[in-house]
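A.B. asks: If you want the building blocks of each chain, they are given just below.
Protein chains: 2
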Amino acid sequence: MPERDHSAAIGPIYLRVRDHIADQIEQGLLQPNSRLPSERVLAESNNTTRVTARLALAQLEAEGRIYRSNRRGWFVSPPRLVYNPTEDYSFSENVMAQGRTPATETLEVTPTEVTAWLASKTGLAEGDSLVRLRRRRQVDGRPVLVENIYLNARRLPGIERFDFNRSLWKLLREHYGLELVRKQIEMFPTALIDPQAEALGVTAGTAGLYVTRCSRDQDGCFVEFDEEFWLHDTLSIQVEVG
Amino acid sequence: MPERDHSAAIGPIYLRVRDHIADQIEQGLLQPNSRLPSERVLAESNNTTRVTARLALAQLEAEGRIYRSNRRGWFVSPPRLVYNPTEDYSFSENVMAQGRTPATETLEVTPTEVTAWLASKTGLAEGDSLVRLRRRRQVDGRPVLVENIYLNARRLPGIERFDFNRSLWKLLREHYGLELVRKQIEMFPTALIDPQAEALGVTAGTAGLYVTRCSRDQDGCFVEFDEEFWLHDTLSIQVEVG
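Residue numbers (full-length UniProt numbering), protein chains in the order written: chain W, 1 to 242; chain Y, 1 to 242.
Do not rely on the hints blindly, as some may be mistaken.
Which copy is meant is left open, so a pair is good if it fits within one copy or across any two.
[To be verified] Straight line, CA to CA, 20 Å or less: simulated SDA-like cross-link-like pairs of lysine to any residue: (1) LYS183 to GLU87; (2) LYS121 to GLY28; (3) LYS121 to GLN27; (4) LYS170 to GLY242; (5) LYS183 to GLN24; (6) LYS183 to SER92.
The set of hints was computed from the structure by calculation and includes no laboratory data.
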């Protein structure tokens, strides 16, 4: 957790309280998913007010070091899932390779059609047929992302009848003989609103990471456009060059 | 600006006000860097209260669509700078290639040494000599990032005497015959605190994107570790695969 400024030992009191808690996390005194002391206890042990303790907690939350769980208090965030956009693995494979447990729930499967926005993303014509798949994915039992996937219905006849609580890429490979070889990926920070925030169990306005992925087959034919809304503290994007 | 959920036409009033303003931005009725109407006018024209208008503005800010400028009101965010971590260009080259104007200010140059944290990042031994360079970079006159660069003093003798208000990579190439061929890059959302927030002219807690880059030369020798703090609405990470 390196984003702390290691050169600055001064500053407002709430940042000193934050540094103190961050140190305890870095040193392993507070383990992932363990509960933090109450605001009252934190205020007392840091010799400050509850208002200041709350500011420190809000800062740590915004940095992704702690998270709040429904009225049960504050918890230490588990390590971020590492995601390398240049590598070719599914969500499930990636999660398992990091010794963690993935889960996928299908929330909705609906026929839809290409809007102006999707036409600009996919190269299809407005009005073309799509199947829209909405899923929620978990790591170690915690929802980390909700996604809207737009599938090319003409390229994937009968796709809406499959079970989607599994790897979509495997399904495309096994049932349609498809390899998604060309991908355009875009990522930037955003704020989650409903229905995404609701699906992830957080309040509207919570920080998130927005990821889109447009995938084509061997012939450059559009297959799927995936729009993912991640909780901001769950993902670390890592790339190696050279 | 695609993160809006195109399937949801219902929801709380502030989100409808947000959609209305977002539509005006997408349709070009509100141009980048132009000023939004006042909260009072927005409330009246949307037939709602100023409290609701303010919620809509906060949401648009969190999504990176608008930004606040010191007591002068709300403005439409300019397009995000596109950054492809797999490509090999400097900040300045990248900004200019997108038809925009870069600027770099050196804030500080100080000798320092490798801490435990930097040892884990660089592979150097604790206590080894570094030069720490702190810079602020702008796009079209707006500060977008502040960075701490740790340079390998042994590999770069005399580095502290150069002018850093320019491309560091070009300097390394021209004066040390160095090409940075191996890079490890990591990126995740965070919240900006001081001294970063202050250097960028935003309040502590503002959303940011944290980027680190560890660069080595042809022989795998550590050259520089760069830690960048970007305003959350200024960057879009884009990668093409295949």
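A.B. asks: Which hint numbers does the structure go against, in order from smallest to largest?
C.D. replies: 5
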